[in-house]
Amino acid sequence: MDIDPFGNHAKALALRTQRNELLANNLANADTPGYKARDIDFRAAMRAAETGGGTLRMATTDVQHIPASPGRAPGLDPAVAYRVPLQPSVDGNTVEADVEQANYAENVVGYQASLMFINRKIRGLTLAIRGGN
Amino acid sequence: MSLNKVFGIAGSAMAAQSTRLNTTASNLANADSASGDATKVYRARQPVFQSVPDFGAALDNESANFGVRVRGIVESQAPLTQRYQPQHPEADENGNVYVSNVNTVEEMVNMLSASRSYQSSVEIMTTTRDLLAQTLRMGEG
Chain F
1 MDIDPFGNHA KALALRTQRN ELLANNLANA DTPGYKARDI DFRAAMRAAE
51 TGGGTLRMAT TDVQHIPASP GRAPGLDPAV AYRVPLQPSV DGNTVEADVE
101 QANYAENVVG YQASLMFINR KIRGLTLAIR GGN
Chain A
1 MSLNKVFGIA GSAMAAQSTR LNTTASNLAN ADSASGDATK VYRARQPVFQ
51 SVPDFGAALD NESANFGVRV RGIVESQAPL TQRYQPQHPE ADENGNVYVS
101 NVNTVEEMVN MLSASRSYQS SVEIMTTTRD LLAQTLRMGE G
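Chains as they are written, first to last, in our numbering: chain F, 1 to 133; chain A, 1 to 141.
In isolation and in its complexed conformation, chain F is listed as follows (with noise of 0.2 Å):
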């Protein structure tokens, strides 16, 4: 069987994992003059680790297609950017702890729902293997 039985949830556990590196980076530099906010934008980068993986494969109907290779691994190496900032300080800090707070907290609870989907995938393949027992 060719499916992973975990969907696009491995890869977004690490990029979740990526993005949580990066956030607490931010928060960390609050106060460091100079320093400019960073993040990655996660629905690009999940889109690009879709479509960049051996999960899309293109099919050969025929015994003389070329077989297309299927890519390098996961595409896990998303576009890192600054952060427009909503108010830039003086002295040329932009990150706003909020608003990193924010994205922290919210990135914190997809990598918890990413978790429990798998957890509950494993159940549900456990269950199935005992036959219900």
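Quick caveat, the hints were computed from the structure, so don't treat them as lab data.
Since the model is a prediction, treat every value here as computed from it, not as a measurement.
Cβ coordinates follow ideal geometry from the N, Cα and C atoms, glycine included.
Computed Cβ-Cβ distance ranges for the label pairs, DEER-style:
{"#": "1", "chain 1": "F", "residue 1": "GLY124", "chain 2": "A", "residue 2": "VAL122", "range": "35 to 45 Å"}
{"#": "2", "chain 1": "A", "residue 1": "GLU123", "chain 2": "F", "residue 2": "HIS65", "range": "52 to 62 Å"}
{"#": "3", "chain 1": "F", "residue 1": "PRO85", "chain 2": "A", "residue 2": "GLN85", "range": "46 to 56 Å"}
{"#": "4", "chain 1": "F", "residue 1": "PRO33", "chain 2": "A", "residue 2": "GLY95", "range": "33 to 43 Å"}
{"#": "5", "chain 1": "A", "residue 1": "GLN119", "chain 2": "F", "residue 2": "MET116", "range": "23 to 33 Å"}
{"#": "6", "chain 1": "A", "residue 1": "ARG129", "chain 2": "F", "residue 2": "PRO5", "range": "22 to 32 Å"}
{"#": "7", "chain 1": "A", "residue 1": "GLN77", "chain 2": "F", "residue 2": "GLY92", "range": "16 to 26 Å"}
{"#": "8", "chain 1": "A", "residue 1": "ARG129", "chain 2": "F", "residue 2": "HIS65", "range": "46 to 56 Å"}
{"#": "9", "chain 1": "A", "residue 1": "ALA25", "chain 2": "F", "residue 2": "GLY92", "range": "25 to 35 Å"}
Dock chain A against the given chain F, drawing on the hints supplied.
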């Protein structure tokens, strides 16, 4: 597993903010110290933070996430207050003493800001620890 890196990042922030709290405590303690020699008076000190590695490096994932550090501590160059107190044991020949340039209001604000930043680092650490624990329990429940 880069969740572990967050502990280093939050830890560096806590270390930096506690340095800031230390300088604030030192400034407040010395707010009224005076001397007859203007070069020997306590001057308000402030830490200067720097991201690690220094910002302006390449904008990519791997390199630039190691938190913050204290680059150095600078002394305030604000003018000292001169007071005429001939009975002061430190007074110079004209009866003047120089009082430190610590601004207590500024220091209080600094203290609040530092303790809030410290708290948010602790929160990050706690949350990340919970996430790690949940990840370790994956598939158990």
